[in-house]
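Protein chains in written order, with our numbering: chain A, 41 to 414; chain B, 41 to 414; chain C, 150 to 558; chain D, 150 to 558.
Quick caveat, the hints were computed from the structure, so don't treat them as lab data. Only a predicted model underlies this, so the values are computations on that prediction, with no experimental measurement involved. It cannot be assumed that every hint is accurate.
What the hints assert, rightly or not - Below are the DSSO-like pairs computed for lysine-lysine, each with C-alpha atoms no more than 30 angstroms apart in a straight line: (1) B:Lys299 <-> C:Lys353; (2) D:Lys212 <-> A:Lys299; (3) A:Lys299 <-> D:Lys353.
Claimed, not checked - Not close to chain D: a few residues of chain A, all C-beta gaps over 12 angstroms, as computed: (4) Leu105; (5) Gly214; (6) Leu390; (7) Ala399.
Note that the Cβ used here is the ideal one computed from N, Cα and C, for glycine as well.
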Amino acid sequence: MPGTFLDHLAPSEDIRRLTDAAAGFVADRKVRLRSETAGSDLSEWSGIAQLGWLGVCVGEGDGGLNRPLREACALARLCGEALVTMPYIGSSIVAATLLSYVPRRALVETLLSGIAAGNRIVTVSAQSDGLPNGTDVRVQAEERGARLLLRGRVAACEYSDATTDVILGLDAPGGERLLVRLPTHRKGLSAYPYRAVDGRPLAALVLKEVEVEPDEVIAEGATADAALERAGHVASAALCHELTGALDEICKRTVEHLKEPRQFGRALSEFQVLRHRAADMHMDFEMVSSMADLASFAAETMDEPRRQLLKARYVATCHGRRIGEAAIQMHGCRGMSDETAIGHYVKRVLYIGAAFGGAWTALDLLDAEGEASG
Amino acid sequence: MPGTFLDHLAPSEDIRRLTDAAAGFVADRKVRLRSETAGSDLSEWSGIAQLGWLGVCVGEGDGGLNRPLREACALARLCGEALVTMPYIGSSIVAATLLSYVPRRALVETLLSGIAAGNRIVTVSAQSDGLPNGTDVRVQAEERGARLLLRGRVAACEYSDATTDVILGLDAPGGERLLVRLPTHRKGLSAYPYRAVDGRPLAALVLKEVEVEPDEVIAEGATADAALERAGHVASAALCHELTGALDEICKRTVEHLKEPRQFGRALSEFQVLRHRAADMHMDFEMVSSMADLASFAAETMDEPRRQLLKARYVATCHGRRIGEAAIQMHGCRGMSDETAIGHYVKRVLYIGAAFGGAWTALDLLDAEGEASG
Amino acid sequence: MVPENVVSFQPAGTHLDQSAPDHIDLLLDDGLRGFRLEVRRFLRSAVPEDLRERVDRGLPSSKSEIVALQRALNERGWGAPSWPEEHGGTGWTPMQQFLFNYELGANAAPPLPPFGTGMVGPVIYTFGSREQKDFYLPRIRSGEDWWCQGFSESGAGSDLASLSTRAEDAGDHFLVNGEKTWTTHALCADRIFCLVRTSKEERKQDGFTCLVFDMDLPGIEVRPILGIDGSHSLNSIHFKDVEVPRSGLVGDMGKGWGYARFLLQNEGIGLTCTGRSRRQLARLKTYADRAMMQGASGRPSPSFLTEVARVDAELTALEVCEIRMRSHGPNPAAASMLKVRGSEMQQHLTALLVDSVGHGGVAFGPVPHESDHAETAGVMQDYLHSRRLSMFGTTNEIHRDIIARTVLG
Amino acid sequence: MVPENVVSFQPAGTHLDQSAPDHIDLLLDDGLRGFRLEVRRFLRSAVPEDLRERVDRGLPSSKSEIVALQRALNERGWGAPSWPEEHGGTGWTPMQQFLFNYELGANAAPPLPPFGTGMVGPVIYTFGSREQKDFYLPRIRSGEDWWCQGFSESGAGSDLASLSTRAEDAGDHFLVNGEKTWTTHALCADRIFCLVRTSKEERKQDGFTCLVFDMDLPGIEVRPILGIDGSHSLNSIHFKDVEVPRSGLVGDMGKGWGYARFLLQNEGIGLTCTGRSRRQLARLKTYADRAMMQGASGRPSPSFLTEVARVDAELTALEVCEIRMRSHGPNPAAASMLKVRGSEMQQHLTALLVDSVGHGGVAFGPVPHESDHAETAGVMQDYLHSRRLSMFGTTNEIHRDIIARTVLG
């Protein structure tokens, strides 16, 4: 029984336990924000593992916790507050959700239990407007005997040295959608790493005659579409919460900065223009935060959450950038320096907005939907 | 020789003479702003006539002054400053321009010299996106012998008891465009008066089997199109200047209001938020004012001024409303009262924006043109 | 034949008549959905169709229409839902309060004046005498008494401490002299809640007293002020040797400043007006689809439709934000936030409504039915009328100051 | 086969190569059009194609590339166009100045640092000694000397009066101790223009002195600060017992405050950057047309194209406003207006450039060519870099204060 939206808002005992237990981890992360070491910092991953977060979206049979989405989103928010750069959301929330929606078989069970146990990090990449970087996959498949042969490339996916598996969405020779699993060491699959604006590790993947075993095709046709759609909804909700966590820190740090005594012998907070801008920033934050809650509620409970999720993406992307710009401006020169934390948080917000495809994309999709439904 | 844009900006001796001579009239109008008496206030018309403005766009042969557009626009600006509600721009600038672009014949000469002499007030109404209220004409013509028979209606045109002639743009039975002149007392033509937001008199026209004499068809086909296009360009430029005149007063009056000592023992101008808003208001004003100058320069000198005029309309409409809203807000409750002048000026700005069809229309047209030209 | 592509005026918000679940319903459980439907059904019968249409178009409602609705609500037990139950309130949860307010707007109920139920009532049941409670509160709930609020004075703006209308204590009565201005509804109000100076004190805020009295006392003259929207809802009130009975004293002498602040704190509640905004958005879509706007192709303006999608998302955020904030209980910063964003949303929607009718936006006041613009007349008045939302009571500037104070100290 | 709908990177602004008249040309007479073409032809040959492309993409230019351009300009007689002719200026009209600046941006010339020609030069030719003028001015014009400006200190923000770096008068030299920070170009600068405290006075602004000296003096340490855009253009400078020769004293002891203000007044000039913005807008259209953005239909985003049309109109207004204002001669409010609107326009364009590449906006730093995002990499750095425009030198907040002062007193 999901209950009303208000029930959704009230933190459950379970959420409280998970987030309380993470308090030390989050506080520690905030102190040693270092984007340079991101991604290869496997100690961070083991920190997350120790908190018991890895199996949040994995069923109990596979060693997971099987928590409702709202709890996974509470952790996503902490990832935003603590600027976690490891692909926790991508693997433990998005990939795990996707794998829970495809037919159970040995490979899927192995992946799910591996995610929960901390020895698999799985990245999902597919053309889907709900998934981050969802226009970047251009892979074609042809049949070679019982196997598939893949060629093509992926412009961007979350990917680090620690990534073990890639789940690719692609079109079968017959035109229907397939989901295939590739281990990252598969012959013909090359990863070309680079950095996202928030320091998280990305890679372009190039596939040259990559062979896929029959049992690696984990879903086909409508099943694949449904699993991808579900994963996209969950990804949208989780990223909105991650963004909210980062914005929360931005607002708090900006307030602290404004309160410090400084130029002209006064704290910046004595200037009415900056006071009003701080007020607007907080109002914007409340709007984003509200939409993040709506997003997780919609993805958890509604049959057709897409429209609510698009609205949430629009508000989060648009207001998030506005808050970030105001925060940097109010930080003055300090805001331009990578040595203060504020820029790192703003970059996280910018990453998520771009990974969503930007605010205009969400507007176009909403407008098109509006016409269709009107 | 039109010269450069900078030459266009420098006021000529002639403009200075015209505007200087009007100083008393404008100052007097500002004092006795009364929208209620607008339109029927023929003393205003004779005031304008005495200033020698009526023939500004009429050739010397017809008793006019034949001044360049920039000078007509300087007078349009004064109409905005003084909130002239008689259809000076519509008749002496727009209709006169249109009549100067159709083949000369007795009727046209009569109208032009009538405009210059002050015994004709002519209103132009046609489907044309450059003319004010340019989507409001739905009139069809059929041939009856040598005459045309008109049926249909006009949703809005500038029209008062003093209006003597209507020039209608409509489609001939064969589909080509016609411009016809109707005297306002013509049988079958009924006017249903109402008020525009700025108090200027409008009317809906209903045409029931209105007969048009052959010599009243003053232009056909390409000639009619060209005359309408030219009238539209001139109308856009003149209205941008009228709007600028009104905005200038809005800015000045808002500054005066802010400087008065008032609440909390301080002048409103001591609040930084209001100071910055006043700064933004003035920046917006400079943008509108610049685009008004561009509009008149483009309409006067360029072969294809349309794109520049659309940009000017967009900036004037959009920033004009923003300035008006800020001015009312900064005037507080006084801004809500019709007893202070500020609201009357804001309404003039709103009228012109709506008469242009609004900012979105200009944007759509620009976007479509951009695609075409890109 | 004249081309007649004019369609007859379609009352907007028609979709709200249906009971197909909307995005708000999706946030509720069956109990709340039922409650919402109950409120909606009640309002659909209590507010006549033609009144709804006038409210939609931003035309004023008459006092008798508003009183009729208030009376009907009161008979249903909903005369003052937010009051304590002992004074006739409903004991509703914050979510029910939200839904009730939302449905009022979403069903184009005429705007219920906030002065009695929202502002004066709470002051009286909190600080008033037994006699004042017994006499005034039922009359507020039933709509029998209309109130106005005598705070503003010319030149004082939002600075109440500089008010100069004064009352001399003359034993069995107070003698009131002075002027109030920008007073909404003064012309049709039965009673006034008036902040007056009763003594000069060191601190400017001290020495104020609150009086309640009848608007028909000798010496009171009300002069209407014509608004930029063409309405006459604003007034100035002139008091000349008005004898106010001592029974009109609210609470203690000299404590009026505190009561006035208490009253204004309640002002923001209910002003988010998300239900009305949602209905306006639906109306906007109807107008835009009718292609009154001259798009480059004669179709509805693409740039405008994008803007409609944007505002739809923003309004959803405001709705959800309101639900979240109200569920957390009273909080001055939250009330200010909802007031600021709610009023700006309403203002923006009235601006878009003007835009949505294209050239029709030029008209003001009555438009003959021979003009196509007759059908959409009212949008410009509504736009101008809505300017007050960021200004009256407490300005949005002061609300932003309040928010900043809670955030920054 | 892999679908290869990737097109190779098209240098944006290609249309500017053609000499078909644009909307700016339409504002000019034949003489000015010829002048503009002359500047453009010069720049097209002085700035190599690959450098233009990097400038377009927001990637940094090297010092040697910038110096090469400055040298070429100087050889052409355009090393410091706005200076008085006696100091090597051009005597151009305001319109010519505008066109020169416009063409620099519109042809993607690397940004010429403002510190020498725009800021220090005018102070030296106005207040400096004969020796200082003879030595420094030619080296500024030729690009031989790079300058940085030692004003900001940690904790002082825009409040120069609270600076604490001090210089003791030791007869033939000054002994300088303290720290400056947020200093652009300090690492690659040859000279510094430094505001130091030489005595304590009643008024905080008194007791400042301006010194010019070499950056390689013993006791100067420069520490680069990593910027959020990944660049190293910001630095802190630490002075420990630095002996500055007395010949470095600019004007009079204790009058440094006035000189610093004079310098900052010149800061706004040229910062409108409309030429660069126009070129960025063209690049934006190129990107948007390439459908990198995921529209609902795979076509370029309709909402984005509307925004492009809107910005095109706003930029035209800014261009025309700049021409109008510059033609009226120097005016502090006008300079502030152009700075505020010009910087906001540039910042908005960099934000739209990020949007125009859709998901490509996630990338930062070098991107392998195996990714489609390699072609558009740089947009996010450029966006972050542009944040400085509303902040450095004089903040946009202070510029708005200045405008308000001229308007409101």
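Cross-check of the supplied hints:
1. Restraint check: the Cα-Cα separation between lysine 299 of chain B and lysine 353 of chain C comes to about 23 angstroms, which is no more than 30 angstroms; the hinted pair holds.
2. Between lysine 212 of chain D and lysine 299 of chain A the alpha-carbon distance is near 39 angstroms, which puts this suggested pair outside the 30 angstroms criterion.
3. For the hint linking lysine 299 of chain A to lysine 353 of chain D, the alpha-carbon distance of about 23 angstroms falls within 30 angstroms, and the restraint holds.
4. Non-interface call for leucine 105 of chain A relative to chain D: holds, since the shortest CB-CB distance, roughly 30 angstroms, exceeds 12 angstroms.
5. Distance check on glycine 214 of chain A: its Cβ is at least 17 angstroms (rounded) from any Cβ of chain D, clearing the 12 angstroms threshold; non-interface status holds.
6. Residue-level check failed: leucine 390 of chain A sits 7 angstroms from the nearest beta carbon of chain D, not beyond 12 angstroms.
7. Residue placement check: alanine 399 of chain A does not keep its beta carbon more than 12 angstroms from all beta carbons of chain D (closest about 7 angstroms).
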